[in-house]
Amino acid sequence: MALQLDYTMDDTTFRHFLNGHCVVMHSHHYLALVTRLVEELGEIDGTRVLTDVVEESMREIFDDYIAKHGLTSPQERGAVGKEYYSALGLGKLQVSGDGNRGEVRLLRSHLDEGWVRKWGTHDRPVNHFTRGFIAAMFGAAFNAPVGSFRVTEEASIAAGAPEGKFVVVRNRAEGGAA
Amino acid sequence: MTVMRDTVVKSLAKVTVQGDENGLIPEYEVLVNLLPVSLLNRLSERLMAAAPPERKRDVEAGLVRAAYECGYHTGCGIITSEVFNDVVLPMVTEGEKDILRGAYAAFTAWGWAKSGIVQLKEGERMVIRAFDYYEADNTGEGLRAYMLRGLSQAFFDLAYADTYPDGMDTFVCRQTKGIEAGDPYGEFIVTRK
Amino acid sequence: MTSRPALTLVSSSSAAAMKGDLAQTKITDIMQFLSSSYGQGMIQVTGGPDGHEGKIYFMSGALLHVETGAAAGLDGLVEMLTWTEGSFQFHPGATAPDTNIGLSIQHAIMEAAMRLDHRGSGSRSGTASIANQLIHTEDDERSNEMQQQRESTEVLNDLLGIPGIDAVVVIGRDGFVIESAGNSARVNIDALGASLAHAVNGIEEMGSELKINQFQDMFVEYGRAVILCKPMGDAVAAVITPDASKLGIIRHKTKKYFEELAHSF
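Chains as they are written, first to last, in this note's numbering: chain A, 1 to 178; chain B, 1001 to 1193; chain C, 2001 to 2265.
One chain only, chain A, in its complex shape (with noise of 0.2 Å):
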């Protein structure tokens, strides 16, 4: 499936829109500095702040696009997110998996690859923010509630690996049925 990418600007603001949402440019110091900041606020679990926004944020923009393009199956309606990962700048994925668990390649990886540009290799996975995206892809494929999948991150390129690997589990305490 190819995602298609509408381009937009409002003339008064000059704010810039993707397919009818507010989108901005940031560049790898600015993800890989806001990674480091959530990864210090240990006692708010800042990493979990990064990985539920991202997965709210993203969700919208994938229920909509896959609403106005009236998209039914699984296949078609995970796509759009792994569309939308690369045409974003964040990376390319290869996902598999159904609506009980996945797994997800990293292939490619603005956050990693920023990060070991500005850093060097980590000592660990650090990418909460595709942890996050991956959660709204598998919830907008299989259509079920924001919180439904867990998503850890078993291999890391910024901690080395030569790409990443994230697994996705079905969290039925969170979320609902299938």
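Source of the hints: derived by calculation from the structure; they are not laboratory data. Please note that the accuracy of each hint is not assured.
[What the hints assert, rightly or not] Ranges of calculated distance between the beta carbons of each label pair, as one might list FRET restraints:
(1) N1085(B) with G70(A): 44 to 54 Å
(2) E1054(B) with E103(A): 55 to 65 Å
(3) D1162(B) with D2075(C): 44 to 54 Å
(4) E163(A) with N1085(B): 29 to 39 Å
[What the hints assert, rightly or not] Some chain C residues flagged as far from chain B (calculated, every beta-carbon gap over 12 Å):
(5) T2082
(6) L2160
(7) K2255
All values reported here derive from a predicted model rather than from experimental measurement. Each residue gets a CB set at the ideal place from its N, CA and C atoms; glycine is no exception.
Mind docking chains B and C on chain A? Use the hints.
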């Protein structure tokens, strides 16, 4: 002749970035991304709301820092880029002052903030006004335009501090007014640290 | 707002004539009122400390000729602007002996008022205060004292309070619209800012090529509407008036606000 803002905005507003075959956007000597402003605002709101009182200043400083380093490094790439060279530099007659005018026209064109220079004392002080910026949508308390604070500080450092990358943290930017706080515009003042 | 001057209609053997007292009205108001009501005529003024006589001839809205015993042309008008006591009489249809001014009534008043100001600032401020009294109107009771720097928004609102001003805008030299107030809803304010910046740049380049002073004022006339621009440090302020007949007064009354505004930019 000086940098004409409308010329810059019209030219740069046409520049659209999009992921390549690897899903990456290598531009301006950095990796660029496009993020939904709803996500960015929600993140700063939640972090500030969740932080205990004694940590709120750290969160705020962290958000400004992220924008600052993004602005400093990306800004250097922008003002040395081909597009800036083609569009802005031919109009530069007043040195750094015009570079900064071009920079704020670029901020406007790329949707960060509809902003410009109100006062500029070269190498000492700059006052910026912004009539629209995405952090104006941020719900929360107080002045919350962390991104524009960081960017303004970064560009003043690039213009008047030591040559890149040695000029970091020479100046500081504080926000004195904000649309998010009910003011008609955001106001930002950059001074020496 | 410019009030209708106190006039008395008297009959003479040949035609109706009007006369009045300078203590009750101002020469500038008389000139504007009569030139808008009559196609041609002469205002004969007797005033000043020694009871000098002056004559002001106009035709079709233009000031053609001014003379007093001591001066002629714009200098004569400048002298007459200082006459706050005396009398005048209007002679409709009178023809000027020659042309020694040739400006619109509004521009002539404006230039004379500015010359009066410069003369005052070159010696003492007393003369300028006379000019201020001359162009003073009832609604202008604001204090000239600016004890402390005000927000530019307040100054813009005061500018907007001057009768005849429709909109005020302050732009950076790059065309960034720093601030605007007034009836600007019908215009694209960003486009206006860009156009003004381009125009100012062109004018500054011209001045630079000609090796003359930096530009101080710019007037752009569109029929009866006028845009008046003035540099304020790194910014340019512009006021828009739909009625050029008030330009002289507007220019004089905006002066102190422009000076105040310059501190903000």
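Each hint, compared with the structure:
For the hinted restraint 44 to 54 Å between N1085(B) and G70(A), the CB-CB distance of approximately 45 Å keeps it satisfied. For E1054(B) and E103(A), the hinted distance range of 55 to 65 Å is not satisfied, since their beta carbons lie about 41 Å from each other. The beta-carbon spacing between D1162(B) and D2075(C), approximately 58 Å, falls outside the hinted interval of 44 to 54 Å. A C-beta distance of roughly 36 Å is found between E163(A) and N1085(B), which places it inside the suggested range of 29 to 39 Å.
The Cβ of T2082(C) lies farther than 12 Å from every Cβ of chain B, with a closest approach of about 39 Å, so its non-interface assignment holds. Separation of L2160(C) from chain B is adequate, the least Cβ-Cβ distance of about 15 Å exceeding the 12 Å criterion. For K2255(C), the shortest C-beta to C-beta distance to chain B comes to about 22 Å, beyond the 12 Å cut-off, and the non-interface label holds.
In this structure, the hints that do not hold are numbers 2 and 3, in rising order.
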